[in-house]
Each structure stands twice: as structure tokens, then as C-alpha cells.
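**Q** Chain by chain, the residues:
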Amino acid sequence: MSQYLFQQLINGLALGSLYALVAIGFSMIYGIVRLINFAHGDLVMIGAFSTLALVTAGVPWPLILVFVLTIGAIAGMTIETIVFRPIRGASQVTGFIATLAVSIAIQNSALMILSGQPRNFLFPAGMRQRVGLGGVNASLTDIVIIVLTLALIAGLFLIVYRTRLGTAMRATAENLTAARLMGVAVNRTILAAFAIGSALAAVSGLFWGGKFGQIDPLLGFVPGLKAFVACVIGGVGSIGGAMMGGYILGLAEVLFVGLLPQEFSGYRDTFVFLLLIVILLVRPSGLFVRQTEERA
Amino acid sequence: MLEIRDLNVFRGATHVLKGVSFQVREGELAALIGANGAGKSTTLLTLSGLLRPRSGTAILRSGGKEFDLTRLASEKIVRAGLIHCPEGRQIFQSLSVAENLAMGAYAQRDKVRIRETLDEVHSLFPILAERAGLAAGSLSGGEQMMLAIGRALLARPRMLLLDEPSLGLAPQVVEKIFDVIARLKSTGVTILLIEQNAAMALEVADAAHVMENGRIVLSGTGAELASNDRVRQSYLGIAA
Amino acid sequence: MAATQEVKPSNDTAVGTVVPRGGFIAAALTVLAAAAAVFAAQHGFSAYVVTLLALLFINAALAVSLTLTNGLTGLFSLGHPAFMTIGAYVAAILTFSARRKGSMLPDLPEWLAATELSMLPALLIAGLAGGLVALAIGGAVLRLKGHYLAVATLGLIIVVQGLATNWDGITRGGAGLSGLPRHVNVWWAFGFLVFVVALTWRMKFSSLGRAMMAVRENELAAECSGINAARLKILAFVVGAVLAAMAGALLSHLISVVTPKTYSVLLAFNIVVMVVIGGSGSITGALAAAAAITILSESLRPVEESVGLYGLSQVIVALCLILVLYLKPAGLFGSGEPAVVRRLFSGRKEP
Chain A
1 MSQYLFQQLI NGLALGSLYA LVAIGFSMIY GIVRLINFAH GDLVMIGAFS TLALVTAGVP
61 WPLILVFVLT IGAIAGMTIE TIVFRPIRGA SQVTGFIATL AVSIAIQNSA LMILSGQPRN
121 FLFPAGMRQR VGLGGVNASL TDIVIIVLTL ALIAGLFLIV YRTRLGTAMR ATAENLTAAR
181 LMGVAVNRTI LAAFAIGSAL AAVSGLFWGG KFGQIDPLLG FVPGLKAFVA CVIGGVGSIG
241 GAMMGGYILG LAEVLFVGLL PQEFSGYRDT FVFLLLIVIL LVRPSGLFVR QTEERA
Chain B
1001 MLEIRDLNVF RGATHVLKGV SFQVREGELA ALIGANGAGK STTLLTLSGL LRPRSGTAIL
1061 RSGGKEFDLT RLASEKIVRA GLIHCPEGRQ IFQSLSVAEN LAMGAYAQRD KVRIRETLDE
1121 VHSLFPILAE RAGLAAGSLS GGEQMMLAIG RALLARPRML LLDEPSLGLA PQVVEKIFDV
1181 IARLKSTGVT ILLIEQNAAM ALEVADAAHV MENGRIVLSG TGAELASNDR VRQSYLGIAA
Chain C
2001 MAATQEVKPS NDTAVGTVVP RGGFIAAALT VLAAAAAVFA AQHGFSAYVV TLLALLFINA
2061 ALAVSLTLTN GLTGLFSLGH PAFMTIGAYV AAILTFSARR KGSMLPDLPE WLAATELSML
2121 PALLIAGLAG GLVALAIGGA VLRLKGHYLA VATLGLIIVV QGLATNWDGI TRGGAGLSGL
2181 PRHVNVWWAF GFLVFVVALT WRMKFSSLGR AMMAVRENEL AAECSGINAA RLKILAFVVG
2241 AVLAAMAGAL LSHLISVVTP KTYSVLLAFN IVVMVVIGGS GSITGALAAA AAITILSESL
2301 RPVEESVGLY GLSQVIVALC LILVLYLKPA GLFGSGEPAV VRRLFSGRKE P
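Read top to bottom, the protein sequences are chains A, B and C.
Going by my numbering, the first residue of the first sequence is number 1, and it counts up by one from there.
Going by my numbering, the first residue of the second sequence is number 1001, and it counts up by one from there.
Going by my numbering, the first residue of the third sequence is number 2001, and it counts up by one from there.
To be clear, the hints were calculated from the coordinates, so they are not data collected in a lab.
Just so we're clear, the structure is a prediction, and the values are computed from it rather than from any experiment.
Ideal placement from N, C-alpha and C gives every residue a C-beta, glycine not left out.
Check before you lean on any hint, since a few could be wrong.
FRET-style restraints, in silico, Cβ to Cβ [to be verified]: (1) B:ALA1129 with A:ARG164: 52 to 62 Å; (2) B:ASP1006 with A:PHE288: 48 to 58 Å; (3) A:ARG283 with C:GLY2139: 17 to 27 Å; (4) A:PHE288 with C:CYS2224: 47 to 57 Å.
With the C-beta cut set under 10 Å, the calculated list includes, among others, these residues of chain B facing chain A [as the list claims (entries may be wrong)]: (5) GLY1012; (6) ALA1013; (7) VAL1078; (8) ARG1079; (9) CYS1085; (10) GLN1090; (11) ASN1100; (12) ALA1102; (13) TYR1106; (14) ASP1110; (15) VAL1112.
Put together the whole structure using the sequences plus the hints.
**A** Written out as C-alpha cells, the structure reads:
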């Protein structure tokens, strides 16, 4: 494999990892409460700035990872408890507007507190070097992102498919009434979905800062929207689909920029959202889900 | 065991239960019969905490304690031993058969007893052991009903609410289900049964209550009601 | 507040297609009185206040036009800023001084570079452009429902922004077009608002409006009674887009600049807030909420600047919205018009 192609592949997988982490939580939340959580992307921003604060405070990196997961989980549970739970049962559009309001409130609070000035964000020097792999080389940051993401996703799958909580979450997502009749405290299960999904988004924020080197209070908007695109690609509500959608989107973006002439690279986001509209129209249930669920 | 007094339930603006009162004694198999829309399912949903009454009480006496079902959260009602096997089976289609049964045992902590109950359920319905790894949605209607009952049994009910267990099933399957209901009763489980097949329900029931337009209009033993002219005419399809 | 409850469409639309004479006179008098107030404001207040007033009128017109799309037909579109951007760029390219255009926008075809139109034709062409784009994509996008449509139309904003940023031979890229002729004053804005309100009012209280509301309440039932729901939805979407494109054109000639980010998702949010707070489908509600929110965020601006808390007003607007969703999910005016307003302008007694 040529060095160029290999680099593109690693780059695309790393970007895809970021999208996958956000998309999985997005999908979990949609799956369990049928809510398109527009504020989900802002947890990426919260994760990124928490990381920056923790680095500045001199916390060692492995601990930072744990803290960021925790902060994300707490933030997600707070939003669910304060805003979404009281309007549960309202129409989908009402719910969506509420998530939009939460997103705007978070972004602007962050602007108020942090100012709109972008901040530099660096992984430790050791992580920024390039490593050789049999004739080709890649950025260590990208490799760390890819590997850690896989580990987190493996952990998530263990929770969702091998624990009592995970079974309860899947049961609640499918049939909330029946889950209550089994003695599931559904509010707690929903809270758990928000906690796990938001923790993953926050970690994606940590990686985001490391990969792009700069963060600002509005950085969550685009990953939030792209997480939705990834979910649509893979089928909204399916965790595996969201993961695949994230990787596909990351690779597609990198290929789009890498293969087309330079002057088209600015059209990257345009391309992504055209892709979204096309997929919504052609395969509204996603590429991996059997076409059953009515999209109402 | 269960004492319902003057229950008034609204669904939206509709007054569905209009002062429903009746009792179910410990170990009894009680049947609730009535036409579609009379309020039978609403009664069960209220008992399991999914609907809240405007007024009235429903007291469950179970394991030496008293529970007011109109105030208790649904998950606590399950822990109190009142298990509701809902209309239309409502199994988790995308979960495996084994996972569905595990969800039934969700409120149980004692692993050894869960294992024992699972073995009992498997011996009642061997098909559930054979299909353990399959997605529940791939089962036939009768098998899904067995799964729904098996799932309820794994919750180790002291009192079981059964909503239309025979609906849309083949006669042999219905017979099998009623066999299981009789066996459950013999092990001391109190049962409240809703059944559109009134003849069959009255045959097995110790006590029965007839519901019309949100009210209990008749109560008696199964045999009494089976010989009541009004019941024979309206629900058993026998000319008086 | 007799009319804060959801008004049944049948109740609200029994007026018929013809606005009775009494209603017309009342409407004409109201417009005259408002015009007098604008005149007084123009001569009694600072230029800043007058510009603010123009901004308020355009915001109100946007909110009312969204009422048409989102409120009457129940389409949840967030695409207004996309059409505003299209309208603003089309109008800007048409009105820009022909002397500077050739060098600034090298990719423009020659005949276009030589054209320099006045505001009215530019405005109409901008509206037409927005309408054509809406027509082209509407057939596809409107098959989506609920929040899927919302996200697809959000995507449309990003697509249009991307085109405006990257097609620099025609749009001058991210820097945008500045120094546009200031053709628009408060009277343009006022006239536009009157036009939009009159159009929306006529549509709402016509058989067309009734059919639209029927689609909103129950699409299947509406189709069963012979309503072509797909065509109505496209109509509402296109009319909304035409009005949005015109609003974008006006706004950019008021502030004399347009960039790819002038009309962003935040703007979509703010218009939606106005419609939701006012009550989805209520023209009066949209007007009142647009005025309240414009004034609120403008009056908070000095506060933001003095304490250095930029973003405060947006946070407050967002929290207000959440509060309304908690307490009055149908909005302050539901989908109807308050009894007083309805009686005044439709010239009939309460049912």
C-alpha cells in the first residue's frame, strides 16, 4: 500500500472514530426516547474544554480520560433531568425544538464564560510524533484515537449486550410499556442511556482537540449534525449502524478531499449534507437496517 | 389479597372507570368479563401503575404487607409481587427468547431461584428452551404467548394479571395456556383473568365480575354467572 | 385572554374566502395608523432606533412567513436562512454597482456584470430565485416528516453556506459582499411586513388555508377528503421560501452587507422561537413574539457589552423558549387569532 493511501486511510478512520463516538450516543438516545438530541454535539465541546482545563491543572492523561467520561455523563444526565424529562410525551417536533434551545443555551453560555477566541489544544509531545509501520508511517495521535475508540466501543457493546442494564435499555428502547411491566424503572434506564451516550461524546471532544489542535465554544455544532448524518447512514436508533455510519462518513470525507482537486476541498461539508439528503430520500432507514420502521 | 374500591380513571377526557369496586381473595382465580371498551384493560393498567386513577384505592396484601397500588411506582408494584401479562403479548421482539425471560426476572435478585424458575418455565414450555437464542420476533403467535406467560412467571408473581391470553391463538394452544393457568392456581398464585372467551373463563374461574361501561354490574362465582340469564345471553351467546 | 386556547380550524376559518368590507376598512385603518407611527418614529427618534424598527419589521415578516410553512401546514422546516442567503446574494449581485462588479466578481457572465438594477426588480427576482430553488428541492425533501425534515433543511443551510463560501468568483467567498447600496429603509421593511401579513392572513382564512390546516391535523384524512397534500405542502414551502428570499434581500440592503454566515442556524432558531412562543399558526402570535424577542435581544445588547457577557441574550431567549414549552406547549396564542383581532379584521361576530 502506498504511503499516501495509507495516510488517508488512517486519517479517515481517526475522523470516523470521532464521528462514531458522537453518533453512537446520539443513536442510543434516539433509540430509547425517540428524541433527536440537537444538544448532543455540544457535549463534544464540553469534553474538549474540560480536557483543556484538566491539562492546565496538571492532571495526568489517563486520569483525564476518566474525568472527561465522568463530566460528560454528568452533563448528559443533568440535561435529561432538567429539560427533557419534564416534556416527555410531547410531540417529536416539540422535543426537537427543546434540544435546539438547550444547544443554543449551552453554546452561548460557553461564549459568555470562555469568549469566542479559539484556544490551542495539544496532546503531549510524545503523542504527536509519527510512527513507522513497515515502510509507511502515521500520526501516533490518529492511532491512539482509533485504538481507544475501538476499546470504548467494545466496552459499550459489553454493557449493552451482556449486562442486566444493557438488556433493560434495549427492552425499554423497543417497548417502554412492557419494560415498565417487568419492573424496569424506565427513568433510570433512560438516564443511563444519556449518561453513556454523553460520556462518549465528551471523549470525542478530547480526541477532537488532540486531532485538530484548536477548540472553540461553537465546535460542537458540526460534529452534532454530522453525528446525525452518520446515524442516518447506519439507521437511526441502531448502535452498530451509528458506529458504521461514523466510520463511513469519516472515510468518505477524507476520500472526497483527498481524491478531488484542491479547489473542491472547501465543499466538504456541502458534500456531507447533500449525502444526508440523498440517503434520507433513497434509504430512509439507513444502509444496514431492514426497511421496516415508518419514518414519521 | 386485592381490594379495589371506587376506582375512577380517566384516559384523556374520557371517564373510563366509573367507580369500580371488587375484591380478589388469596389463591383465587377471578375472571373479569365484558365487551370491548368496557374498561377491563384499563383496570389492569391501573393496578400495575401505568395509569393513575382520579380517585379510589387499590390495596394489595402480599407477603404480610399492604401496598396502595394507586400510589406505588410500577417497578415497586412488580417487586410487591403483582405481575401484569399485558394484552397483545408485548414481548421484546428484537431480544432473544432467553433475554426476554431474563427481563421477566429483572426485579429478582436471587440467582439460584431465578435458575429454578427458569427450569420450571422450560419444563412447562419446552419450546422456549429450544428457541432460547432466537430473536423473540421470529416465534409463532402461540410461542410468543408462551414466552409472554413464561416471562411473567420468571417474575415469581404472588398475583398475576392476565389480559386476553387466548386472543388469536389456535384451539390447542389455548388449551395448553389454560392448562398452565390451572397449574399456576394450584401452586397458590392468585390470578385475575381478562378473557373474551367468557365460557372458558367462567369454567375455570372461582369468582367472576362482569364489567359494562366502566362499572361492575354483576359479581358471583364462575358457576353462578355461567347460569345467569343475562350473562348467558350477552356473553355466552346462548338464548335465554 | 379568551383566545389563548387552541382554536379549532373549523371555528377559525368559517370566514370564507372574501374578506368582508368591515374587515378591510379595519385593516386599512390599522395600516394607516401604523404608518403614522412609523412616520413619527422616523422623525422623532435616532437613526439607530429607526433601523431597529426596520429590523423588527423584517423579523416579524420572517416569523409570519414561517407561520405559513410551519404553522399552517405543519411542515417543520428550518430552511429559512438558506433561502434568505440565496435571496440576499441574488439581489446583491443585481444591485451592485456595475463599475466594481467586473473586478470583484470575475466569474460573473458579462451581461450580468453589466446589469445594475434598482431595489424592486432585484427584490422580485430574489424572491423568484428562492421560490425556484424551493420548488426544485421541495418535491424530494418534503417527503420527509417531523424532525427528519427539520434536520434535512438544516443541512440545506450548510449546503447553501458552503456554496456561498466556495463559489468565490461569484460570491467573493467568505468575506461576502459589502458596500451594497443602502436601498432599504424602514418604509421598505414596513411595506414588506404589511404585504406578508396580508398574504398570510388571506391564505389562512381561505379554503386553501383550511386545507393546509387539515393536512397539519391529519394528512391521511385530508387526502381522503380530496385534498392533494403533497401539492399543498410544496405550495406552502415555496411561498415561505419566496418570502424568506425577499426578506434576505431586504435585510442585506438594510445593513449593506451579506456574507455566507449572515443568515445562520442561529437565525433559524430565533425565527422558530418566535413562531413557537407566539403559537404555531397564529399570525398575531408571530407578530407579538417577533416584536418582543427583537426588542428583548436588542435591549440586552448594551448589557452584554458593558459586562462583557456576549451570548447572554441568546441564553435568555433559549431559556424563555424552554419555559414556554413547559408551561404552554401550544404557544401563547395557540394556532388561532385572539377574538378581538379576528372580529376586527374579519368583520364578523364571534360564533
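**Q** Decide, hint by hint, whether the structure agrees.
**A** The hints, checked one at a time:
no., hint, verdict
1, B:ALA1129 with A:ARG164: 52 to 62 Å, "21 Å, violated"
2, B:ASP1006 with A:PHE288: 48 to 58 Å, "53 Å, holds"
3, A:ARG283 with C:GLY2139: 17 to 27 Å, "18 Å, holds"
4, A:PHE288 with C:CYS2224: 47 to 57 Å, "35 Å, violated"
5, GLY1012, "12 Å, violated"
6, ALA1013, "16 Å, violated"
7, VAL1078, "3 Å, holds"
8, ARG1079, "6 Å, holds"
9, CYS1085, "8 Å, holds"
10, GLN1090, "4 Å, holds"
11, ASN1100, "8 Å, holds"
12, ALA1102, "6 Å, holds"
13, TYR1106, "5 Å, holds"
14, ASP1110, "14 Å, violated"
15, VAL1112, "16 Å, violated"
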